[in-house]
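Respectively, the protein sequence lines represent chains A, B, C and D.
Take the first sequence: its letter number 48 is residue 49 in my numbering, and every next letter is one higher.
Take the second sequence: its letter number 32 is residue 33 in my numbering, and every next letter is one higher.
Take the third sequence: its letter number 11 is residue 12 in my numbering, and every next letter is one higher.
Take the fourth sequence: its letter number 4 is residue 5 in my numbering, and every next letter is one higher.
Some clues are possibly wrong.
Remember, identical chains collapse to one label, so a pair may be satisfied in a single copy or spanning two.
What the hints assert, rightly or not - Within a straight-line C-alpha distance of at most 25 Å, the following computed SDA-like cross-link-like pairs (lysine to any residue) qualify: (1) K38 x M187; (2) K38 x S97; (3) K38 x A76; (4) K182 x I96.
Treat the hints as calculated values from the structure; they're not laboratory data.
In this text, all values refer to a predicted model and were calculated from it rather than measured experimentally.
There are 4 protein chains.
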Amino acid sequence: MILNEAIQEIVDNVLSVSEELEPNNIEEMTGMIKSSKNVFVMGLGRSGLVARAFAMRLMHLEISVYVVGETTTPALTTEDCLISISGSGETFSIISAAEIARKRGTNIIAVTSYVDSTLGKMADLVVHIKGRTKIDSEKNYITRQINGKHQSLSPLGTLFEVTSLIFLDGLIAQLMVEMGKTEQDMKARHTVIE
Amino acid sequence: MILNEAIQEIVDNVLSVSEELEPNNIEEMTGMIKSSKNVFVMGLGRSGLVARAFAMRLMHLEISVYVVGETTTPALTTEDCLISISGSGETFSIISAAEIARKRGTNIIAVTSYVDSTLGKMADLVVHIKGRTKIDSEKNYITRQINGKHQSLSPLGTLFEVTSLIFLDGLIAQLMVEMGKTEQDMKARHTVIE
Amino acid sequence: MILNEAIQEIVDNVLSVSEELEPNNIEEMTGMIKSSKNVFVMGLGRSGLVARAFAMRLMHLEISVYVVGETTTPALTTEDCLISISGSGETFSIISAAEIARKRGTNIIAVTSYVDSTLGKMADLVVHIKGRTKIDSEKNYITRQINGKHQSLSPLGTLFEVTSLIFLDGLIAQLMVEMGKTEQDMKARHTVIE
Amino acid sequence: MILNEAIQEIVDNVLSVSEELEPNNIEEMTGMIKSSKNVFVMGLGRSGLVARAFAMRLMHLEISVYVVGETTTPALTTEDCLISISGSGETFSIISAAEIARKRGTNIIAVTSYVDSTLGKMADLVVHIKGRTKIDSEKNYITRQINGKHQSLSPLGTLFEVTSLIFLDGLIAQLMVEMGKTEQDMKARHTVIE
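Produce the complete structure using the sequences and hints provided.
What follows is the structure in structure tokens.
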């Protein structure tokens with residue numbers, strides 16, 4: 002089925018990104034998260050859902066975390082860090098938020114496909130999560146055309162979004178070990194009202 | 002215009018509720034809020050929006066507050082209080098949440114039109130916010146019929162919802178004075194990312 | 002109690018705004034809403050909650066409505082209208098959204114305290130909802146100082162937000178009559194999953 | 002790094018689920034989605050974020066879709082289908098919603114790890130997305146203990162949630178082909194206000 006091919010395309014991207022992650026980079030990211038007073042996460046559209054899914058797990062680890070745009074999110078301070086998730090690194094309100102964060106002395110971590118994007122350049126730390134690049138997209142298009150398949154199986158930002166989610170879930174595992182937290186600890190913080 | 006009549010109907014309800022509020026009751030509510038480690042607010046539909054609007058101001062007052070259902074809301078504890086906003090006091094998931102809160106030893110404050118509702122009976126403290134009662138609704142219906150107006154100008158839960166919002170904004174003013182907070186203090190906590 | 006005074010302050014603003022509403026202006030607003038293919042509403046912070054509360058009632062009236070920023074909100078078209086709620090009329094992302102709406106030929110209705118603000122000037126139709134103006138605020142400050150009360154009882158955007166909500170609920174009553182909808186019709190559209 | 006191991010654990014689950022998917026089952030699901038007047042999606046916690054991410058793409062495909070709990074979601078009808086995402090299939094409010102859906106004659110599709118759960122039994126169609134089962138969890142525990150690793154690398158519902166997201170993104174690819182939609186078509190529906 003097309004469905005299985007699409008899943009394979011996503012898995013291939015995830016594994017390729019996983020191989021390229023640099024231990025120093027990751028260590029710096031977990032370090033910033035652990036040493037911040039509050040962690041703020043931000044993303045728009047599906048990247049915003051990825052940000053929220055990550056925030057839930059940070060909360061389970063008893064890290065003080067806020068989602069930009071939710072009801073009880075306070076102002077940024079110099080003791081906080083802002084994790085911005087944006088495939089293009091050019092999303093308008095992500096850039097505006099990063100500008101405010103810089104003025105207020107908040108550390109910025111960018112999770113993006115484009116290290117040289119406006120967001121990438123503004124960030125104190127950049128994690129590169131490859132999605133479908135324009136060049137890939139053209140090459141794939143020709144391959145698909147030859148094979149009689151004319152459309153992408155992971156439309157729009159799908160590859161970046163799903164890969165970011167899995168990367169951040171991996172980071173949660175990393176944080177669990179570094180912080181000596183067990184799944185039982187996390188369950189105790191799990192919201193009980195559903 | 003119909004619009005002005007509808008506004009007057011809402012204002013009449015607000016003023017009538019304001020007159021009937023009992024100082025002891027209010028003092029107990031602000032006391033519970035100030036002495037809780039975390040305040041949780043909950044409501045469904047438009048009452049949920051009222052809960053959120055209240056939560057934002059509590060956050061501006063530096064009270065630790067969470068909205069049930071948002072991303073980073075943790076589990077309830079015995080040191081917390083849950084403020085449930087429900088006109089009927091019978092909304093299913095509000096009742097389920099109150100049951101969990103009771104099991105976990107969390108104080109419950111009900112904001113409802115029905116003191117004798119399931120929620121009202123479960124709560125440690127009830128604030129009565131009159132909306133359109135069934136009897137009122139019938140009487141109004143006859144008055145309207147006589148005047149040739151056959152429909153309500155504040156449909157569904159409108160009276161309860163708007164009156165609750167204004168009551169809770171009044172409570173914020175009360176808390177500001179009790180806590181010695183100024184508008185400037187609140188501004189400093191206001192989210193800066195928009 | 003301070004609480005009753007704060008409620009009175011809000012009610013006074015609501016009644017004063019209600020008196021100043023112009024029938025032509027309101028008629029134009031309900032006309033635009035009824036003739037649009039889709040209505041989009043937008044606001045930030047507590048104004049965003051007001052926008053959502055209004056959107057729920059529009060949905061109950063079977064008007065096709067979307068909240069900007071929610072999951073399933075599509076792109077704007079020339080057949081749609083965008084209702085932007087902003088006290089200052091200068092909120093950054095409200096202005097950016099209005100710019101996009103203009104480029105796409107979407108009608109803009111501004112609900113704001115400042116008719117001459119950037120948003121006010123971009124809009125096809127402006128409804129003026131007075132909040133606490135700077136001058137009012139100073140005058141009130143002196144009155145309060147004389148009376149020994151040094152702080153505002155309706156901090157930040159409270160007056161604008163609550164007054165906008167009640168104005169928009171009045172507009173729903175107006176639309177009900179104009180569209181010949183009853184409360185029973187609205188109940189049938191009410192979400193049943195809670 | 003632990004992070005890479007955790008990513009591998011997730012990928013293994015995704016590939017194993019992908020292999021076990023039955024074409025008839027998938028065809029029935031895409032059929033129900035295409036023939037429904039409105040599609041409703043529902044999930045709680047991180048499964049709710051997965052539901053929203055799926056809803057965005059359905060909207061891009063011009064399928065009329067609503068997220069249960071969002072502002073403008075109307076009542077269910079006999080012409081609609083409800084897609085409920087729940088790892089355990091026992092989440093309280095998911096079950097309540099499914100009961101209401103059944104009373105109203107709405108088709109139910111369950112995406113769950115437990116085909117025999119309360120939700121699974123109520124559904125008209127069940128898609129099985131394996132997560133960490135209790136037995137797996139014990140076996141893994143022993144393996145981990147032997148290897149000196151005492152905690153899970155994909156805590157709580159992570160495996161189910163991520164695998165469901167990728168499965169549903171695969172389903173979007175399937176629907177694109179079945180409906181003859183291109184990525185360009187989807188871009189045109191993409192929200193332009195950010």
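Hint by hint, here is what the structure shows:
For the identical chains of this complex, K38 and M187 are neighbours both inside a copy (19 Å) and across copies (20 Å), given an alpha-carbon limit of 25 Å. Only within a single protomer do K38 and S97 lie at most 25 Å apart by alpha-carbon distance; the minimum there is 22 Å, versus 32 Å between protomers. Proximity of K38 to A76 under the C-alpha cut-off of 25 Å is found in both arrangements, the shortest distances being 12 Å within a copy and 20 Å between copies. Proximity of K182 and I96 under a CA criterion of 25 Å is satisfied in neither setting, with 34 Å inside one chain copy and 32 Å between copies.
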